[in-house]
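Heads up: the sequence lines are chains A and B, in that order.
Just so you know, we're using numbering that gives the first Met the number 0 here: the first sequence kicks off at 0 and counts up by one.
Just so you know, we're using numbering that gives the first Met the number 0 here: the second sequence kicks off at 0 and counts up by one.
Honestly, I wouldn't trust all of these hints.
Claimed, not checked - Only pairs whose alpha carbons sit at most 30 Å apart, straight line, appear in this in silico DSBU-like list of lysine-lysine: (1) 208(A) <-> 159(B); (2) 159(A) <-> 208(B); (3) 218(A) <-> 208(B); (4) 208(A) <-> 208(B); (5) 159(A) <-> 208(A); (6) 218(B) <-> 208(A); (7) 208(B) <-> 218(B); (8) 73(B) <-> 73(A).
Hints are computed from structural coordinates only; laboratory data are not their basis.
Number of protein chains: 2
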Amino acid sequence: MHNYQDAQLLDQSPDEPWQAPSARRRLSSHPLYLQVRNVIAQRITSGEWKPRMTIPSESELAREFNVSVGTMRKALDVAVSDRLLTRRQGRGTFVNDHSSTEHAARYSNIRNPEDSHVRGEVTIVSIIETSVNETEVIRLRMRPKERVHRIRRVWASQGKPYMLEDLAMPARLFPGLVSPEDASLHIAPLAQKVGLLLGRHDERISIDKAAPDIADVLKTDTGTPLLRLDRIVYSLQDVPVEWRLAQCLLEDRYYFAQYR
Amino acid sequence: MHNYQDAQLLDQSPDEPWQAPSARRRLSSHPLYLQVRNVIAQRITSGEWKPRMTIPSESELAREFNVSVGTMRKALDVAVSDRLLTRRQGRGTFVNDHSSTEHAARYSNIRNPEDSHVRGEVTIVSIIETSVNETEVIRLRMRPKERVHRIRRVWASQGKPYMLEDLAMPARLFPGLVSPEDASLHIAPLAQKVGLLLGRHDERISIDKAAPDIADVLKTDTGTPLLRLDRIVYSLQDVPVEWRLAQCLLEDRYYFAQYR
DNA sequence: TAGTGGTCTAGACCACAGA
DNA sequence: CTGTGGTCTAGACCACTAA
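Starting from the given sequences, assemble the full structure and let the hints guide the process.
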């Protein structure tokens with residue numbers, strides 16, 4: 000009775016609407032529910048569905064996409080686990096807002112002694128767009144001569160600086176990133192602004208002794224032990240999006256990691 | 000046609016077999032698939048299903064539990080995400096072995112420069128069973144005067160010590176934990192040995208300066224910066240199972256955290 | 001009371017692995 | 001070829017929310 004849905008979803012141009020296939024063939028290597036999830040992701044990326052918006056009910060979407068409610072639900076469940084959507088029984092399904100504190104908090108792991116997130120004020124030291132260096136080519140999987148944004152900024156809490164960050168982001172992914180306002184954002188809201196969906200990230204943690212210039216910025220002594228945070232954030236499609244090297248003067252703060 | 004399955008699963012004694020209910024009522028606050036998942040967990044805990052074993056097919060289990068295949072599948076999916084089971088298309092569903100390197104690796108985050116896990120040799124410094132102190136009461140959610148196992152051990156790589164661990168575990172959860180062999184295990188295989196299923200864990204990371212006695216054990220200088228790892232591991236039912244305070248001489252190693 | 005997401009059922013076919 | 005898990009369908013009822 001049923002063959003699988005074809006791949007028109009994945010292959011069609013981003014501007015064309017969903018084409019309900021009449022003959023169901025599995026031309027794509029992806030199962031139907033993943034194809035549908037990809038359309039959901041695209042609608043968010045393109046801005047058709049905006050943060051905080053209520054999207055149509057699962058039965059409406061199932062009708063629109065010409066799939067069963069069960070398949071639609073599975074696609075929505077995947078989108079939820081990808082942090083694209085939030086569902087609330089009796090209310091509806093909502094597009095997540097990654098500029099909200101709860102979603103941005105995901106990328107800041109420094110905590111106060113009482114377990115609260117450190118809420119710092121940021122100061123931009125420098126922003127430049129330039130060609131990649133060797134390390135960036137490797138870490139961000141870029142080609143030689145490609146362009147990157149490099150941002151250096153300092154975080155302070157109650158007027159006292161505690162963290163220096165060096166960011167590198169492929170310029171291709173962040174067109175028009177120039178303003179200090181943009182450069183002050185966390186990666187989550189910044190990515191949302193340019194229609195990028197974020198996936199996994201990993202972090203290598205070690206201890207550095209403060210170099211003279213860094214000690215100067217952090218108003219501490221040369222040689223003070225700093226927590227070194229070497230982090231790469233990837234997109235939902237597993238493309239490196241940001242490389243961050245941070246050096247953090249902990250004092251009574253700590254880095255919090257949670258595993259499920 | 001169908002009302003919900005009742006809670007006989009959750010409420011029946013561990014020794015009784017699954018009772019297929021004839022009248023389906025939702026006496027439990029848990030949906031059916033979670034009740035079924037709990038029976039799966041119990042079968043593993045009790046040793047009825049042993050590590051690496053192939054369990055019956057989903058259709059067989061659905062018949063046994065008197066639930067639909069869809070519900071059985073959902074229960075199995077939850078068990079997979081809880082790391083109880085692994086499923087392989089065409090082969091079957093297997094009970095995870097938490098004494099295997101892949102599962103034990105989940106709890107060791109120290110990596111070599113080439114990203115490989117540090118494989119150290121462990122030495123037991125001391126094992127005692129005693130009454131809880133104030134910190135343990137809080138961290139392990141215990142009552143005053145309850146008993147804990149305290150283990151101090153040192154990890155070395157190529158003969159050079161790099162990490163000192165102080166462990167505290169509720170004695171109630173680890174009856175008969177006395178031998179140095181048991182005390183040398185990672186938490187995952189140790190928990191499996193006593194039929195405990197592990198869930199989330201969290202870790203607070205900061206920097207300590209080596210105290211004289213610790214510097215002595217780690218064969219370094221007093222005041223050397225050490226990575227301090229303050230970790231609590233919880234059971235699947237969210238009961239604290241182990242509190243670990245580790246101090247780690249990193250040198251060219253680092254702590255690796257991955258987020259999905 | 002209407003509409004949403006959450007749970008459950010019954011049964012089909014697809015994809016993969018091993019005998 | 002047989003049996004396993006993986007995907008998909010169609011439709012029912014439950015639980016929650018807000019008008």
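Going down the list of hints, with the structure as the test:
1. Of the pairs offered as hints, the one joining residue 208(A) and residue 159(B) holds, with about 22 Å between alpha carbons and a cut-off of 30 Å not exceeded.
2. Between residue 159(A) and residue 208(B) the alpha-carbon distance is near 22 Å, which keeps this suggested pair within the 30 Å criterion.
3. Straight-line distance between C-alpha atoms of residue 218(A) and residue 208(B) comes to about 20 Å, which keeps the hinted pair within the 30 Å bound.
4. Distance check on the hinted pair: residue 208(A) and residue 208(B) sit about 13 Å apart at the alpha-carbon level, within 30 Å; holds.
5. Taking the CA atoms of residue 159(A) and residue 208(A), the gap is near 19 Å; set against the 30 Å cutoff, the hint holds.
6. Between the alpha carbons of residue 218(B) and residue 208(A) the distance comes to roughly 20 Å, so the proposed pair stays at or under 30 Å and holds.
7. Distance restraint check for residue 208(B) and residue 218(B): the Cα-Cα separation of roughly 14 Å lies within the 30 Å cut-off, and the hinted pair is therefore satisfied.
8. Straight-line distance between C-alpha atoms of residue 73(B) and residue 73(A) comes to about 12 Å, which keeps the hinted pair within the 30 Å bound.
This entry satisfies every hint, going by the numbered hints stated previously.
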